[in-house]
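Residue numbers (full-length UniProt numbering), protein chains in the order written: chain R, 1 to 483; chain P, 1 to 483; chain F, 1 to 483; chain Y, 1 to 483.
Think of the hints as simulated: they come from the structure by calculation, not from any bench. A portion of the hints provided could be inaccurate.
In this list, chains with the same sequence are indistinguishable; a pair is considered to hold if it fits within one copy or across any two.
[Unchecked claim] In silico lysine to any residue, SDA-like type, Cα no more than 20 Å apart, as pairs:
1. Lys355 / Gln308
2. Lys447 / Arg98
3. Lys413 / His395
4. Lys354 / Gln268
As the structure is a prediction and not an experimental result, all values here were calculated from the model.
4 protein chains.
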Amino acid sequence: MLTTNPFDDDKLREECGIFGVSGADGAAALTALGLHALQHRGQEAAGITSFDGTLFHTHRAMGHVAGNFDRDDVIRGLPGDVACGHVRYSTTGETALRNVQPLYADLSTGGFAIAHNGNISNAMKLRRELVRRGSIFQSTSDTETIIHLVATSNYRTLLDRFIDALKQVEGAYSLIVMTPEGMIACRDPLGIRPLVMGRLDGSVIFASETVALDVCGATFERAVEPGELVIVQGTEIRSIRPFQAVDARPCIFEWVYFSRPDSIAGDQSVYSVRKEIGAQLAHEAPVDADLVIPVPDSGVPAAIGYAQASGIPFELGIIRSHYVGRTFIQPGDKVRHLGVKLKHNANRALIQGKKVVLIDDSIVRGTTSLKIVQMMREAGAAEVHMRIASPPTRHSCFYGVDTPERAKLLAAKLDLGGMTDFIHADSLSFVSIEGLYKALNAARGDKPSYCDACFTGDYPTTLTDHDETASVDQFAMLAERVA
Amino acid sequence: MLTTNPFDDDKLREECGIFGVSGADGAAALTALGLHALQHRGQEAAGITSFDGTLFHTHRAMGHVAGNFDRDDVIRGLPGDVACGHVRYSTTGETALRNVQPLYADLSTGGFAIAHNGNISNAMKLRRELVRRGSIFQSTSDTETIIHLVATSNYRTLLDRFIDALKQVEGAYSLIVMTPEGMIACRDPLGIRPLVMGRLDGSVIFASETVALDVCGATFERAVEPGELVIVQGTEIRSIRPFQAVDARPCIFEWVYFSRPDSIAGDQSVYSVRKEIGAQLAHEAPVDADLVIPVPDSGVPAAIGYAQASGIPFELGIIRSHYVGRTFIQPGDKVRHLGVKLKHNANRALIQGKKVVLIDDSIVRGTTSLKIVQMMREAGAAEVHMRIASPPTRHSCFYGVDTPERAKLLAAKLDLGGMTDFIHADSLSFVSIEGLYKALNAARGDKPSYCDACFTGDYPTTLTDHDETASVDQFAMLAERVA
Amino acid sequence: MLTTNPFDDDKLREECGIFGVSGADGAAALTALGLHALQHRGQEAAGITSFDGTLFHTHRAMGHVAGNFDRDDVIRGLPGDVACGHVRYSTTGETALRNVQPLYADLSTGGFAIAHNGNISNAMKLRRELVRRGSIFQSTSDTETIIHLVATSNYRTLLDRFIDALKQVEGAYSLIVMTPEGMIACRDPLGIRPLVMGRLDGSVIFASETVALDVCGATFERAVEPGELVIVQGTEIRSIRPFQAVDARPCIFEWVYFSRPDSIAGDQSVYSVRKEIGAQLAHEAPVDADLVIPVPDSGVPAAIGYAQASGIPFELGIIRSHYVGRTFIQPGDKVRHLGVKLKHNANRALIQGKKVVLIDDSIVRGTTSLKIVQMMREAGAAEVHMRIASPPTRHSCFYGVDTPERAKLLAAKLDLGGMTDFIHADSLSFVSIEGLYKALNAARGDKPSYCDACFTGDYPTTLTDHDETASVDQFAMLAERVA
Amino acid sequence: MLTTNPFDDDKLREECGIFGVSGADGAAALTALGLHALQHRGQEAAGITSFDGTLFHTHRAMGHVAGNFDRDDVIRGLPGDVACGHVRYSTTGETALRNVQPLYADLSTGGFAIAHNGNISNAMKLRRELVRRGSIFQSTSDTETIIHLVATSNYRTLLDRFIDALKQVEGAYSLIVMTPEGMIACRDPLGIRPLVMGRLDGSVIFASETVALDVCGATFERAVEPGELVIVQGTEIRSIRPFQAVDARPCIFEWVYFSRPDSIAGDQSVYSVRKEIGAQLAHEAPVDADLVIPVPDSGVPAAIGYAQASGIPFELGIIRSHYVGRTFIQPGDKVRHLGVKLKHNANRALIQGKKVVLIDDSIVRGTTSLKIVQMMREAGAAEVHMRIASPPTRHSCFYGVDTPERAKLLAAKLDLGGMTDFIHADSLSFVSIEGLYKALNAARGDKPSYCDACFTGDYPTTLTDHDETASVDQFAMLAERVA
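Please build the complete structure, drawing on both the sequences and the hints.
Following this line, the structure appears as structure tokens:
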């Protein structure tokens, strides 16, 4: 019962998960396992690069980890005891294999592979300058900018070149880099995207979430810290902090929706935080009802928290099918709301005549909420109250999360009354931003300890490309289309 | 959150789901929808036959309904306002397309298509006799026996021939038959396998479960009764009962596990019955614990029932991944219990130091139970108590359910103490057979109103082929292998 | 340089090739080789059935032998030292796998596999009667009729049943049958379709043409005679002739086009016969020209014969590509005659200003001839004379050859002058029917020793289905469409 | 009947064919046609890039043009009236899609696509230097060197940068380049590889051979001259010659084997040249024989020339199958010489007891020659004389032709007597180098007008990489393996 809902069209989407391991036999097989556990962070494509001491080996594929990287021939083609991997969700039509990470280049210092979670917010500007100087890009990915900055750096050692490159980029990045000398894992100074470190026997593992350690049987050691570079060379591990120290601002949406509930993020159980948000919601927005019903699967922990805090029974009022196909042909308009019924069916016998509280993690466009409220009404619910375990999502993210343009965000267009009308609910409430921080044992105040820009518009970095009215899509404009 | 768990290796498996519709534009598209809702009853193959007033059209495919029958070209190749379909799980290696239903034959009375849920328990004997008389079988399916009995019957009309055939077969059958004159739906005299009837505007729909009506937007009318033939010819519906009346014995496992929780079976909500079994279990086998944890997903309703009856909080202690691949390569023995971790991960932060009650619907071989108990212990549980929402499964089913041979059933080999030791639990309890009947508002007594042979060994029919020590595999011996 | 041209749309098409081997290790592998050598007789589908002493094993596939039966896994799935196979070209849209031979049935006498080259001309009538008595057909193939006649025969032994069946069928059949007791090869009493017998070490081989023996390294022994059944049981070979003797009438088109030039048919080299037809044509229809140009590849032997007899030099005036795709998109009408240019290109430097004689084996619809004459003119030919190495094709074949309906045969619609105009040639001549017989060292007279019905309309059998105005397509009407 | 034999393992292989068109609606469709006609120059992969006035569009695929570029969806994805394409045969294991041309890069001057026939003989050295300066290579192709030289050139305009790049490369190159401003076609100063120019209505076409013009319906205008750059911008065509003039040395093997017989190369019909080589061979190496037999298909023109010059009849003594699969499983050693029999079968009836002259275009390793001589003997030939329509191949090619290493070239290892013994022929002769020049209406002398290094070792350029003992395989060492 995974709280992250892979099928739902109306969610923000984390764009990437990364994993790396140094010093383990069968490094690529472990990486495949780890990526599988991170699959919810990117379902579109996956890649693994291994290093056998002499050569780098890469396999990239569109689609899921299972089906591509559970094949014996693929794993045998990725020898070595160092490997890193990437799962990806892309925002544009440019879903070609060449954008699938890890990216790789032959530099004068030797091979260089990189896996990136986040988004470089001045990538366009840097790319234009690099091309002007003769660099040739092979992808439309912002990540490739980092590689060319390393390749053309005037510093001598790979590490100095890499730091030189990072100092030129803005935005969010958790990175895992492989070179012939070793593996480097790092997080941007604000620590916007997550990255943790674990151990399995003698090997070191890096991953976006602790669940990827669990699946490998590894023990969670600590988070890579904002602004930290962890360098693994054989059995030696070093840590350096080349950036000026700033207050960290990790993405708060990891606790709301992105991370798996069984992960530990920032020393807190994601499941417990979500239950606590549900409890906050019960206090902030109580309702007289018969049943608490989660919108499956991501609403379940908050619904349990709401039910326990309110004393209203938790019940499965919506049954979700495991067998989902999107495109069933609809024979005329006899069959209404077909899409949502393929995924979810009301537990009619339970709901008939009851006052229900629906709990969901967030509302983006509002289209799914509308359908689910209608489904409850058609099943005979007497009243339908919607409670949302995050504040209204009103702003786009430029740090590696796929958000619709602002004009499509329901909360950017309508006030609470308008939203309640739009989804046809009897009532609608969102947890407050302070309530959300409270569930994380924090207080927002003036110096927020999280990036909450999607709720507040308070962006922690400059947005160079965006301010130039450039968008990610400009990358696509530069390059050939590969049919 | 579907209680039927499609990935689990250690469950009994319903072998089929069937669906039919007469009198609806786009009958094949509706059938695809219905089969999709019945996918949990058979994941191996699917087929649909339509009739356009002149010709029959069939598409069969290995794999799921989605991916095969959500394609426009496939549905366009299945014209007509009458259609029936079938999803299948097969028990033997003989998974060839020729065994995928609906089966079809050109008879002297015209085309004849048949979809069957159940198992003919004297099929081998009948087949031998038919081959002796010159019949040529094209499949290794028991269902084909019915077609040849119809083809070679001495009666004149199709209906008389069909009744003549049914009177010769023993076992379990819910059938949907299509002929140029109309559709016939029927259930065997004991009503072992389910079949319900619904309406969508002017059309009539038959399906194994009511969820298939829900997904189409149809209204549930009634169950087809044991021993009843419902004949639909255009807008006319007739019902006949050609068999001697006997007391019905529907399969009790439909409420335990097979049916979806949002289905209505025998006028009872499957979800409510499961919660009630959980409540019974709380009364019969209470335990002093901190958390009630369902084994996802099929243990969830009983766990909610157990938690509500016992007052112990319901919590998600096991997180299930949506992205499951079976065959990830395991790099050495460093990674233990990998299979189960790919599917399920312990919510470690929740479980640490707690006394937990695990709720599952049934135990077949016991292998998964063992792994899940171990997973709880590794996550730091102080005590692990297993409670099972059905009696011990001790006998094979011969009525269309895939059961392991008796020697592999844990409860056929060990007593309660042995089973508790085997799964390494602190305690283990099953609901009693009387408790199970009670949850269904019945009492077992001497004349049980359900088939509960898998628990009791009390088979409601003769088992001709089985008594001759013939097995399903004999079919395979007769025929060519198709590589 | 194969004279049989697999790509050409405007040819009569042999519908089948068959091959069988008894008593050889790796029988299926040998059969795959043999079928590969017979691929020109049927390019649409192929199948092999083997018998391992206990079980029959079958693999059927759409497409060529190479690509399907050169795969190790496929051949390993076909164990045993007896095997037979079939390549097929089908005439109707019913190209489903179920029609691909060998066909197989479980009879009361045991397994029965059959591969058939030819066409049963009373199959429809027999099928209707069999269905009336309760037989269920699984294909729309005329061949299945034979199996049901065997299955329902009142005789006791398989051999008696098989002879009983053959006595009821009319038309053309070369058959290879496999049963647990052994292999039976036979030809219909008129011997319309070919079948030869060879030896490879201790094993016996049957094949449609001697090239299939060559490719296996087997030696050609003799033809199976018209009306003969050759029965192979282990190392014992018996021959029986259960039919009343009649004068044989083998298909003369085998020498004109169907058989490979390196085959021996009726004790004559096909290549030599074709050269001799070319020489006859030079005598019957001389022309004052600079070059003799074959229409590749099937016109080559006759062109060599024509060139040697006339003294005009043989030259490659048309170059044929090995890389043919049918469906290249044509950008507007700028690119004319594209289809033919993809296959054939004029050797412009050679042709410019020359008088050319084009030699082709036959004209069916005339469409290709028209394009080739135009190609010569566009390349600058001064005169284009067409000479055809067979008489005008005026009648349909009902014995296993795909002929267009009569209305589409150029020679059935137009006289010689009309045909010459249609193809825009300066002159056109066909070899005479007597000239054709002469090239075979025979004379036609009143009792022709070949079936030449396509030229003369003199059919050697009754045409029961055809006379009832039934056609092969009626089979399709009986059965379901399989999408 | 294509003289270029795509299946034969024992030939030198041209590695590429290129095609470009500017100013034609449906430019990509025309390019697909042209590449199809050039398929014999590279069967491993193909690619097309089009330019629609704003964007470049590319599709690359492993395999043949037909099957990949005859698909409507592919061609629709390649809009625009300018396009170029490439067919490729590669020598190393690195057959990844990233090496398939046209290669593309976004330069500061805009998009840049390039298709290359030939080989840069100092590519390794240039690459090392470019990487040292920060360039990142995306392929292991020597062609990419040119792109980076353009990207990093200090000149301002694209044309100046391109000329600057070409002046740094050594070796053989016929190139078609596309930029937003137009198309550039050029040949290296020695004109080693071919390139011709044609017209179709208002558009300009470039292609490796004239057959590609024929298939499009275009007219052949002239060859692009050695050292010439032809620049097409809209309807304007310019020609520049930036290199110091040197005597041209086109590859003589184009007339021997690479080009199609229906092409015009260097103003001479390839077919006529081959016939003339055959005639030379008849004069230089006459033999008393009954039959002249071509080794199909590439030996056919020379065999016709030999037959006409000698008066010995030309006959098809070897029949070639169109249906070739390489990997048929061989059941034991019963079946000898299976590989060659799948491709070629002796026309036994013709050969029995005859003295035969076999004509082939060249001998590389000698393995096929050996098998063909044996095939003739097994078919009963009284004597077998082999005549080869080129001089002995003794040296490797470094200009874009796949030659085995010298140690595997039969003529590099053995003298004429040794070769005769090796192939078991009664006699063996090669045409002399002077005879070959004579067939081209030239004389070799001291200043040869062709590159004949494979026969003479007289290489017309320095071989920088080779002299450094670098090989093409070093590219592969630099880069990651892509599984």
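Checked against the structure, which of the hints given earlier come out wrong?
Of the numbered hints, just 2 does not hold.
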